[in-house]
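Student: Spelled out from the first residue to the last, the chains are:
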Amino acid sequence: MPPVYRGPFGKAQAERLLWRAGFGPRPGEAERLAKLGLHGAVHSLTHPGPERLRGPKPHDDHGHPLAPFDAWGHDQLWWLDRMVRTTQPLAERMTLVWHDWFATSRDGVDSARLMIRQNKLFRKHALGSFSTLLTEVTRDPAMLLWLSGVDNEKDAPNENYGREMMELFTIGADRGGYTEQDVREQARALTGWRNDWSDTLGPVNFRYDKHRHDPGVKKIFGKKGHFDWRDSCRLCVHHRLHPSFFVTKLWSYFVPTAPPVATRRELERLYVRHGLAVRPVVEAILRHPALYLGPRMVKSPAVYTAGLLRALRRGIDTEAWTWLMSLAGQQLFYPPNVAGWDDTRWLDTATYRARWLIASQAIEKRALKPDKAKLPDDASKLLVRAEAFFGRPALTGQTHSELKRFARRALGDANAKWKKEQYPALIENALRQLLASSPDLQTC
Amino acid sequence: MASSCHHCDEFSRASLVRRTAAEAGRGLPAIEPGMPLPAGTGLDRRAFVARTFGLALSVYGLGKLGLFEEGIARAASGPAQPVLVSVFLPGGADSLSVLYPALDSTYRQLRPTLALDAGAGPVFAEDSRLHWHPSLQPLAALHGEGKVSVLPAVGYTHPDQSHFTSRHFWEVGATDARLSSGWMGRYLDHAGSMDNPLQGLSLDYQLQPALASTKVPVASVAAPEEYSFWAPGVWGDVEQRMLETLGPLGSRRRDPFLNQAAKATAQSDRLRRQLEPFAGHGYGTPVPYPDVEDSFPHQLAGLAAMLAANLPLRCVAITAPGEYDTHSDQPQALADGLDVTARSLLAFQRDLEARGLADRVLTLVWSEFGRRAEENGSDGTDHGAAGSAFLIGTRARGQMVGEFPGVNNLDEDGNLRATADFRGVYCSLLEQWLNEDATAVIPGAGSFSRPLLVK
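Protein chains in written order, with the numbering used here: chain A, 157 to 600; chain G, 9 to 463.
One or more hints might be untrue.
Stated by the list, open to error - Distance condition first, Cα-Cα at most 30 Å in a straight line; then the derived DSSO-like pairs of lysine-lysine: (1) Lys-573(A) x Lys-521(A); (2) Lys-213(A) x Lys-521(A); (3) Lys-271(G) x Lys-167(A); (4) Lys-575(A) x Lys-537(A); (5) Lys-537(A) x Lys-271(G); (6) Lys-276(A) x Lys-405(A); (7) Lys-560(A) x Lys-271(G); (8) Lys-525(A) x Lys-213(A); (9) Lys-405(A) x Lys-223(G); (10) Lys-310(A) x Lys-375(A); (11) Lys-560(A) x Lys-525(A); (12) Lys-310(A) x Lys-380(A); (13) Lys-405(A) x Lys-271(G); (14) Lys-560(A) x Lys-537(A); (15) Lys-576(A) x Lys-530(A).
If you are wondering where the hints come from, they were derived from the structure by calculation, not from laboratory data. Remember, it's a predicted structure, so these values are computed and weren't measured experimentally.
All chains, full assembly: derive it from the sequences and hints.
Tutor: Quick look at the structure:
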């Protein structure tokens, strides 16, 4: 078995686990999870009870219910709401992992209905068998449209899906796992899918049509046979390089540094021993010392946004999240390309400013009015209040002292009576903004 | 600042809401030659720009000009540097449609449905076998003026047909999957400064990997005139103090990823100060740009305005509009993408010419590969090898680099063979345009022949 973390499991460790395996704690949640100990905490995430959505129901800027199939941007809000309110955070987080792994964009699919259908598929198989998931994804309508599966027929093979299935979903590029000839032969094996077009519903009636399939012999990874699309999937997940690809890629969603070689091998064995099941591998990663002792991770915009809302107990009550998350580099249902989002490049000067705007939007409704709020004229007390506002997240000493210095100096600028009365509220508002956009809260 | 409407404007430029964000003509008019200066100033253009700059600095600095402000001021007042703009066509643009061998019978056999008619696009003057894609009329016109160098088949040996691998090669300037710094980023590491994020500018919502540096700061900004920071319920002295806290919050951290977040904070703070002259004002343009939904022409117009305002830019990267991974529906998708791209690039060139900046800027247009010579039967083409690239500008030599290899001599995968190497092109740009020793930037630079690109 891979190594297991043996250190103390307190609020700080529980908080990190909730961020890595979900969307951060609601107030008090990390404290409660810490009491379960490492194994109990991980088990509660990988074996949650039936899903409930807790907290205020989502609505648009006009107070109307969301219309994810019809209104622009509501697909994203519909999903963000689940991230904020779910009682199964890991399953929801895995749904996001699969959305990135099998990155399909509505830009190419052009149907919210099919995108949400695919999303439900990811949720259903969140912690199940990867082999089943790959098979289901291969015949998923959104994917068939996105990577030209329905254009791939025996007289005109289209390599789009076959190539990405090996490169991005199962084996990986530049590892000597397959040749350009394999790409062409996979395309032939995958032929046969089609759909109809409805003037009212768009693409419908996705099905396998054996007349469009190339029944001839194909040679894939050195094996010969009359392979079809199921064989194509099977050959990929039983490829000698698939387990190492799978565990390394899965690991990267939870820990920012590559797994040690011994750990990687143990995870591969675990994966194969459990018949390509996802849950045991995720459990082992969530118990691994690297998750608790290793460096922090940059939160993706979806995790950052959902986490702020969870901490503030705020539901989806504005459509602004759609464009704000897009500015921050992650519009759900619109990954930049089939390789998904690049987790190494979340932060730059443009996306930093977008996160600043996300923080502003999150706190704006509760901004203090300087003529009404009665706050202490004391930098430390103001900072304690700002931390409590976000459920007292763990802060580094450096950030803590910079924020305190800011509050002290700003209080020192109050050189008139009205300023002495009003500045504490302005400072409290600024502390919330600075705290939410600090390096500490951008990472976990 | 009214936050809600500010947000709408920004949204539109994310090309998410389908409406045009034509804001030309707002503010900062003095950077346009030929337009009247503010009454009574009696200043010439350069003086006004310098004053605009000084004004911004004094507003920010309140008499406390630090090292960084001096850095910008120094960079801005020094001799004008050459600027390189990289325009990426995402997805692998079909080089056999960009410049197509109209009368070649093999081409017609390979492309029974996709072959373009001889009469559709103008003849390419340097090789009459080839025609320009009809949407590339604007580039053909610039080529006629001697301002475009055409690379009809650029690539590298052992071409990789993965989007991500091939694009990565182009971005890092080497066929090395592990190299993580961009080629322009490494150039800036050598020639740039520690206090000027604008030296490497990604006109985008995220950093373009070609600009990824290891030492010096670089910037990413989609709309320069909107780069400011605001917080609800914070103003006056407290707001000023809040903004001053960004720098210290961005100081170095031990944890590598915490430090990454801190670095983004510090660089954003520097960029905020650099762009203060534009914040809330916008910019004007002396020429019309295409009035389309996409933000590309707007961003090029902003780029020209920033150059006119003497902001210290050196390398710029931007993604072209359109989707070039045309496995299906190629004719329409390709025509649409190339159309907006080419018209915008023509407007940008005219803008630079009108502002007297044309001799300072070269624009390289590229894609990660071309596409398979034989069409795939679903109205599209699969991934190929050699692609087309262009170098645009008054200082571009204007002569073809590498010949068209023809469709009768394809490689073993049925793809066009490269007749020019992108790494040689980078070496030439570094040496002939940016005055940098290419061996310091491009791995194995000595082994690539340098085409003559600059006149």
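Student: Now, for every hint given, state plainly whether the structure supports it.
Tutor: Hints and how they fare:
Pair hint Lys-573(A) plus Lys-521(A) holds up; C-alpha atoms about 27 Å apart against a cutoff of 30 Å. This hinted pair checks out: Lys-213(A) and Lys-521(A) have alpha carbons roughly 17 Å apart, not beyond 30 Å. Note on Lys-271(G) and Lys-167(A): the hinted pairing holds, with a Cα-Cα distance of about 28 Å set against a maximum of 30 Å. For the given pair, Lys-575(A) sits about 18 Å from Lys-537(A) by alpha-carbon distance, which is consistent with the 30 Å threshold.
Only pairs whose Cα atoms come within 30 Å are accepted, and Lys-537(A) paired with Lys-271(G) is accepted, the gap being roughly 29 Å. Distance restraint check for Lys-276(A) and Lys-405(A): the Cα-Cα separation of roughly 22 Å lies within the 30 Å cut-off, and the hinted pair is therefore satisfied. For the proposed pair Lys-560(A) and Lys-271(G), the alpha carbon gap of about 21 Å is at most 30 Å, so the pair holds. A C-alpha spacing of about 27 Å is found between Lys-525(A) and Lys-213(A), which places the hinted pair at or below 30 Å, so the restraint holds.
Note on Lys-405(A) and Lys-223(G): the hinted pairing holds, with a Cα-Cα distance of about 29 Å set against a maximum of 30 Å. Our distance criterion of 30 Å between C-alpha atoms is met by Lys-310(A) and Lys-375(A), whose separation comes to about 16 Å. The hinted pair formed by Lys-560(A) and Lys-525(A) meets the criterion: a straight-line CA distance of about 21 Å does not exceed 30 Å. Taking the CA atoms of Lys-310(A) and Lys-380(A), the gap is about 18 Å. The hint holds against a cut of 30 Å.
For a cut-off of 30 Å, the pair hint linking Lys-405(A) to Lys-271(G) stands: about 26 Å separates their Cα positions. In summary, the hint linking Lys-560(A) to Lys-537(A) is supported, as the alpha carbons are separated by about 9 Å, within the 30 Å threshold. Between the alpha carbons of Lys-576(A) and Lys-530(A) the distance comes to roughly 11 Å, so the proposed pair stays at or under 30 Å and holds.
Checked against the numbered hints given earlier, this structure breaks none of them.
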